[in-house]
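Below are the chains, spelled out letter by letter.
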Amino acid sequence: MNVKINGQWMTIHGQTVYDLLESHGLEAKPVVVEADGVILVPSQWKTTQLSEGMILEVVHLVAGG
Amino acid sequence: MLQGGKHMDTYTIGGTVLKSRLFLGTGRFPNPHVMKQAIAASEAEVLTFALRRVQLEAVDEDAILQHVDGQGFQYLPNTSGSRTAEEAVRIARLARASGVGNWIKVEISVADETLLPDPVETLKATEQLAKEGFVVLPYTSDDPVLCRRLEEAGAAAIMPGGSPIGTGLGILNPYNLERIVEKAKVPVIVDAGIGSPSDAALALELGASAVLVNTAIAKAKDPVAMAHAFKMAVEAGRAARLAGRIPKKPYATASSGLEWLVSRSQAGR
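Residue numbers (our numbering), protein chains in the order written: chain A, 5 to 69; chain B, 50 to 318.
FYI, nobody ran anything at the bench for these hints, they're computed from the structure.
Using N, Cα and C, we set each Cβ at its ideal position, and we do this for glycine too.
Hints may contain errors.
[Claimed, not checked] Here are some chain A residues pointing at chain B (derived, C-beta under 10 Å):
(1) Asn10
(2) Gly11
(3) Met14
(4) His17
(5) Gly29
(6) Pro34
(7) Leu44
(8) Val45
(9) Lys50
(10) Leu54
(11) Ile59
(12) Glu61
(13) His64
(14) Val66
(15) Gly68
Let's have the full structure, built from the sequences with the hints guiding it.
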């Protein structure tokens with residue numbers, strides 16, 4: 005299925021948001037996920053199913069003033 | 050900080066009691082090692098961050114919390130990159146969801162070479178985020194009326210810029226800063242444009258509760274030594290504020306008294 009992650013379309017094989025994060029080594033990192041405009045808390049990562057055309061943002065804190 | 054230690058000179062933002070008069074921005078340091086040393090030398094209690102997309106090909110590349118976590122800092126994420134209140138609110142919600150607390154520096158900049166804050170959008174975002182329970186610290190232009198409006202909208206502190214971000218031009222309008230401080234019932238943190246420790250000392254002398262410094266430390270030849278210099282400057286500025294500076298006068302007043310002067314007219318008597 006195809007989802008858009010951080011502005012890029014990707015073909016992915018996992019079923020849940022957690023699977024997607026795990027495939028990038030992010031499941032234990034302090035990241036925030038927004039799926040179709042809704043912010044997910046980490047406990048929702050395993051229960052949120054990915055769907056065709058889903059728009060995901062995966063963000064984190066970086067250096068800044 | 051007061052001599053004799055009779056009581057601690059502190060101030061409070063959103064229920065958090067702070068001692069340090071220096072907020073440190075974490076951007077633009079040469080590397081994380083220097084940044085950590087500079088944080089230690091600055092003795093800052095509040096650190097600022099930005100929120101960005103994870104680079105999926107290099108997930109640890111920009112991550113910052115690994116370098117500072119677990120040391121008791123108050124985190125102040127910003128909404129940099131936003132151009133509207135709506136975008137800033139979205140970034141604020143994402144930042145809060147990252148688990149770093151509910152402080153947010155509203156930073157909504159006009160997309161030009163000045164990066165000056167958009168006053169209308171900043172006010173809107175401040176109002177909305179305060180309603181949502183955020184501790185809101187808006188970066189704003191140094192307009193006394195606007196600062197009052199931000200306070201009325203629920204800002205926990207107000208952050209007027211001294212001059213445009215990263216310019217190092219210092220406090221371009223000390224008059225405005227004094228007027229802002231005079232009326233404010235919340236702490237005033239001078240943000241942006243601070244170029245040197247003397248600028249920071251001036252801000253504190255004029256009554257600001259603290260300054261936020263980033264580029265002036267991160268891009269100094271020796272960021273760690275400069276962080277230490279800023280730490281001393283804010284302490285000096287604050288001490289001077291409490292001590293009460295003399296009023297400015299147009300003409301001289303002799304600092305040596307004239308009574309019992311060895312008078313020329315009496316010479317040779």
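May I ask which of the numbered hints given earlier this structure violates, with the numbers listed in increasing order? Hints 4, 9, 10 and 11 contradicted; others consistent.
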